[in-house]
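Chemist: Chains A and B supply the protein sequences, listed in that same order.
Numbering-wise (our numbering), the first sequence opens with residue 62 and increments by one.
Numbering-wise (our numbering), the second sequence opens with residue 87 and increments by one.
It is possible that part of the hints are untrue.
Claimed, not checked - Think about it this way: if two alpha-carbon atoms lie no more than 27 Å apart in a straight line, the pair counts; the simulated DSS-like pairs of lysine-lysine are:
#, chain 1, residue 1, chain 2, residue 2
1, B, 352, A, 186
2, B, 352, A, 71
3, B, 408, A, 188
To be verified - What follows is a list of derived Cβ distance ranges for each label pair:
#, chain 1, residue 1, chain 2, residue 2, range
4, B, 222, A, 377, 34 to 44 Å
5, A, 164, B, 357, 55 to 65 Å
6, A, 99, B, 411, 47 to 57 Å
7, A, 238, B, 453, 25 to 35 Å
8, A, 200, B, 357, 32 to 42 Å
9, B, 174, A, 197, 30 to 40 Å
10, B, 224, A, 200, 27 to 37 Å
11, A, 189, B, 448, 26 to 36 Å
12, A, 253, B, 565, 46 to 56 Å
Stated by the list, open to error - Short derived list, chain B residues pointing at chain A, Cβ under 10 Å:
#, residue
13, 401
14, 423
15, 444
16, 450
17, 473
18, 481
19, 483
Derived from the structure by calculation, the hints contain no laboratory data.
These numbers were taken from a predicted model, which means no experiment stands behind them.
Built from N, CA and C at the ideal position, the CB exists for glycine as well.
Take a look at the letters that make up each chain.
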Amino acid sequence: MNASGLNLRKHLNKHMLELILLVIFIAMSFASSGFFTIDNILNIFRNIAMQGIIAFGMTMVIIAGEIDLSVGSTVALSGVTTGAVTGWLANHGGMPMDQAVIVGMIVSLVLAGLIGLFNGFILTKYKLPSFIITLAMLNVVYGAAAVMSGGFPVTTLPSWYNVLGSGEILSIPVPAIILLLIFAIIFVVMKYTKFGRSVYAVGGNPESARLSGINVGRVKIVCMVVVQLLSALSGILLSSQVMSGAFSFGKGWELIVISAVIIGGTSLFGGIGKVWGTFVGLVFLGVLINAMTILNVNEYVQYIVRGCLILVAVLITTIQIMKRRS
Amino acid sequence: MSTLETRDITKVYPGTVALNRVSVSFDSGKVHALLGKNGSGKSTLLKIFSGAIQPTEGDVLLDGNVVKMRDPSDAFTKGIATVYQELSLVPGLSVAENIFLGRAPMKGMFVDHKKMHEMASEMLGELNLNIAADEMVYNLSVGQAQMVEIVKAMSFKPKVLQLDEPTSALAKNEIQSLFNMIEELKKKDVIILYVSHRLHELWEIADTCTVLREGQLIGTAPMQELTRKDLIGMMFGDVEIKTRPHDLRISEEVVLEVKGLTRHHKFQDVSFRLRKGEILGIAGMLGSGRTELLKSIFGADPADGGEIYVNGKRMKSPTPQKMKKAGLALTPEDRKQEGLIQIASIQSNLCVASLDRIGKGLFVNGKTEEEFVRRQIDGLQIKAGDVGDLVSSLSGGNQQKVVIGNWLNTSPSIMFFDEPTRGIDVSAKQQIFQIVWEQSRYGVSSILVSSELEELLEVCHRILILSDGRICGEYTPEQLSIEDLYALSMGGESL
Numbered sequence: 062m063n064a065s066g067l068n069l070r071k072h073l074n075k076h077m078l079e080l081i082l083l084v085i086f087i088a089m090s091f092a093s094s095g096f097f098t099i100d101n102i103l104n105i106f107r108n109i110a111m112q113g114i115i116a117f118g119m120t121m122v123i124i125a126g127e128i129d130l131s132v133g134s135t136v137a138l139s140g141v142t143t144g145a146v147t148g149w150l151a152n153h154g155g156m157p158m159d160q161a162v163i164v165g166m167i168v169s170l171v172l173a174g175l176i177g178l179f180n181g182f183i184l185t186k187y188k189l190p191s192f193i194i195t196l197a198m199l200n201v202v203y204g205a206a207a208v209m210s211g212g213f214p215v216t217t218l219p220s221w222y223n224v225l226g227s228g229e230i231l232s233i234p235v236p237a238i239i240l241l242l243i244f245a246i247i248f249v250v251m252k253y254t255k256f257g258r259s260v261y262a263v264g265g266n267p268e269s270a271r272l273s274g275i276n277v278g279r280v281k282i283v284c285m286v287v288v289q290l291l292s293a294l295s296g297i298l299l300s301s302q303v304m305s306g307a308f309s310f311g312k313g314w315e316l317i318v319i320s321a322v323i324i325g326g327t328s329l330f331g332g333i334g335k336v337w338g339t340f341v342g343l344v345f346l347g348v349l350i351n352a353m354t355i356l357n358v359n360e361y362v363q364y365i366v367r368g369c370l371i372l373v374a375v376l377i378t379t380i381q382i383m384k385r386r387s
Numbered sequence: 087m088s089t090l091e092t093r094d095i096t097k098v099y100p101g102t103v104a105l106n107r108v109s110v111s112f113d114s115g116k117v118h119a120l121l122g123k124n125g126s127g128k129s130t131l132l133k134i135f136s137g138a139i140q141p142t143e144g145d146v147l148l149d150g151n152v153v154k155m156r157d158p159s160d161a162f163t164k165g166i167a168t169v170y171q172e173l174s175l176v177p178g179l180s181v182a183e184n185i186f187l188g189r190a191p192m193k194g195m196f197v198d199h200k201k202m203h204e205m206a207s208e209m210l211g212e213l214n215l216n217i218a219a220d221e222m223v224y225n226l227s228v229g230q231a232q233m234v235e236i237v238k239a240m241s242f243k244p245k246v247l248q249l250d251e252p253t254s255a256l257a258k259n260e261i262q263s264l265f266n267m268i269e270e271l272k273k274k275d276v277i278i279l280y281v282s283h284r285l286h287e288l289w290e291i292a293d294t295c296t297v298l299r300e301g302q303l304i305g306t307a308p309m310q311e312l313t314r315k316d317l318i319g320m321m322f323g324d325v326e327i328k329t330r331p332h333d334l335r336i337s338e339e340v341v342l343e344v345k346g347l348t349r350h351h352k353f354q355d356v357s358f359r360l361r362k363g364e365i366l367g368i369a370g371m372l373g374s375g376r377t378e379l380l381k382s383i384f385g386a387d388p389a390d391g392g393e394i395y396v397n398g399k400r401m402k403s404p405t406p407q408k409m410k411k412a413g414l415a416l417t418p419e420d421r422k423q424e425g426l427i428q429i430a431s432i433q434s435n436l437c438v439a440s441l442d443r444i445g446k447g448l449f450v451n452g453k454t455e456e457e458f459v460r461r462q463i464d465g466l467q468i469k470a471g472d473v474g475d476l477v478s479s480l481s482g483g484n485q486q487k488v489v490i491g492n493w494l495n496t497s498p499s500i501m502f503f504d505e506p507t508r509g510i511d512v513s514a515k516q517q518i519f520q521i522v523w524e525q526s527r528y529g530v531s532s533i534l535v536s537s538e539l540e541e542l543l544e545v546c547h548r549i550l551i552l553s554d555g556r557i558c559g560e561y562t563p564e565q566l567s568i569e570d571l572y573a574l575s576m577g578g579e580s581l
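Using the sequences plus the hints, can you model the full thing?
Modeler: Rendered as structure tokens:
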């Protein structure tokens, strides 16, 4: 094969996911007139926004060679906390609800930050796998959210709060704007900052990174905190969208979030991955679910399709890595 | 009574003859030491007996019959068992389960645990070992694990037992119990082949000694008739030692001082000074504590006592980050596991230690990064197609240069090189030496650890001898012959 042909093939291999996405887009545009409309595209972004925000943080965590299974529970906790703090301050503290909700949001972010700090500290100090620590935290935090809410949705929230989750700027949903903003920030951090480079080094070979004088523990802790903060943000947006905080929020999200990251080509072994890939993975999942809904595919069949997709995506990534090595 | 013999055995690798028509014979009930420096062919001979490799020519005879070992498991069934330096026990299984791994006595579909433990207990008892058959292997000391490994090998009822550096990881008291065990084994009429770099042990445990040099059999003799001087003379013959360039200058300024540094069970009370521009060698065998010493000074491993001064400033509780800031650098012994990020590109690997330097503030400056990469690729003559290629695609020598380049990018004033020439070819070795000398000309001081002691004589200004975790001598290359240096490093006095 000549050089340009080889190059083309290399590019095709590299952008396989984008290509498949394009094919689905074109096919769907023919299959349904309602698919390729501005409203529907914005709708797709609105639907992936909440989980997508977390996925970018999860990309950092996974590239650092760790995982966080407790993100879904943090979504619940922050929704409930925001509502509960607002209600408490408004009812017992005499603070106007409009301001109380701001305190509520800050408290949920701080709580999430502390959870991330705790996860990161335990995994660094005691060398426990983050899988185990965050599996435990998934339960603890979920339980805490349920206890705090008393089992019922917390609904004392001011009406302006609804803007965050349901508002639009230039007819673009606010959550979609936040999603793009978070994407841009994490994209730049991972690609252009020294910290981003150190995340790749730590995930690629922690011992070598340590011996190169990189503070491996600190890098991992920062990643664990960032993903928790983003989960809290996601929880706040969700509670704003539905104007209540419930402990059932975010249940099972960790798997959807991790799926998006992995479909985007990030290696679960750490050290390899791209923020852009996660973005494509998210849109891919969003488009697929949207398309299947438009085509009236049975909800449970959608699960099957999504599961197969994850497997295929991971296979493709693994085979590509194997090819690069040989 | 049985015998293991080789007839004109030859092993040719592309470019080298590892064994050249070696004919030798070992008889049972004795411990036969195999001696030779790195590259002498003793490991090749061991591997041929263990079935790991096939001879190019010649035969192996067991009790007068030609035997061919297709692979290690074939060698076991034909009566040659080998215990390697690296332990191969499964930590999560019991001693008995490990001994009978894959061959457990069965009762119908299930393992007969009772019988298995009885059998294992009997074998342990026969060799006077105080290890319970139902003990989990992760609870054993290294010495006990080593002995279980030997029991496992013996459970195949071999005619030949090969022990490759069995004492290198053991503490003193453990060595004694291992020797007691070997004495018991001798009574079982087994041919024991014993490889060790600890010369003084040989008089204690071995009956005969066979010396190889550059693939040739130099001779075999009873241990009692040999002196240290004889053995070292046989190992080395006449070697020509090249000398370092004459223009290297050392200033009087002390850049690194270590006082009484101790890490329990690794090294004790180590003190030395390193001057600006000086290349200091540390000679020590496997298990002497050389790697641990470098890592502790660098802050990568903890120390239990002692003081470290860099440019006269005391470094308390050092970490690699702190020591890097102070101007230290370490190229680790294990290039693949510790020196490089295998799944990352050459470019990324050249800029890991120097991340803080490639750009101001939080961001990476692409131009600076490119300069850093270029500087090392050109300066160290790293042969790479594209700097974006994976570092694992490079040859060993070039990978080592990437490890060194990663650190040179931090503009260090003190470099630690731990076994920088392991597994790389002769011309790449010379290039590494050139790099060390070049750095000395710039005023960078180096500490070089190598088990190829000739290299230390060639490269260094001064050599410290580390044996069993203690500094037991300091010499200049001019004061020492290679034989002296080996004799000292292997524990003991010079000739």
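Chemist: Are the hints correct? Go through all of them and say.
Modeler: Now the hints, each set against the structure:
no., hint, verdict
1, 352/B with 186/A, "holds (24 Å)"
2, 352/B with 71/A, "violated (50 Å)"
3, 408/B with 188/A, "holds (22 Å)"
4, 222/B with 377/A: 34 to 44 Å, "holds (41 Å)"
5, 164/A with 357/B: 55 to 65 Å, "holds (60 Å)"
6, 99/A with 411/B: 47 to 57 Å, "holds (54 Å)"
7, 238/A with 453/B: 25 to 35 Å, "holds (33 Å)"
8, 200/A with 357/B: 32 to 42 Å, "violated (54 Å)"
9, 174/B with 197/A: 30 to 40 Å, "holds (34 Å)"
10, 224/B with 200/A: 27 to 37 Å, "holds (29 Å)"
11, 189/A with 448/B: 26 to 36 Å, "holds (30 Å)"
12, 253/A with 565/B: 46 to 56 Å, "holds (55 Å)"
13, 401, "violated (14 Å)"
14, 423, "holds (6 Å)"
15, 444, "holds (7 Å)"
16, 450, "holds (6 Å)"
17, 473, "violated (15 Å)"
18, 481, "violated (16 Å)"
19, 483, "violated (19 Å)"
In summary, the numbered hints that this structure violates are 2, 8, 13, 17, 18 and 19.
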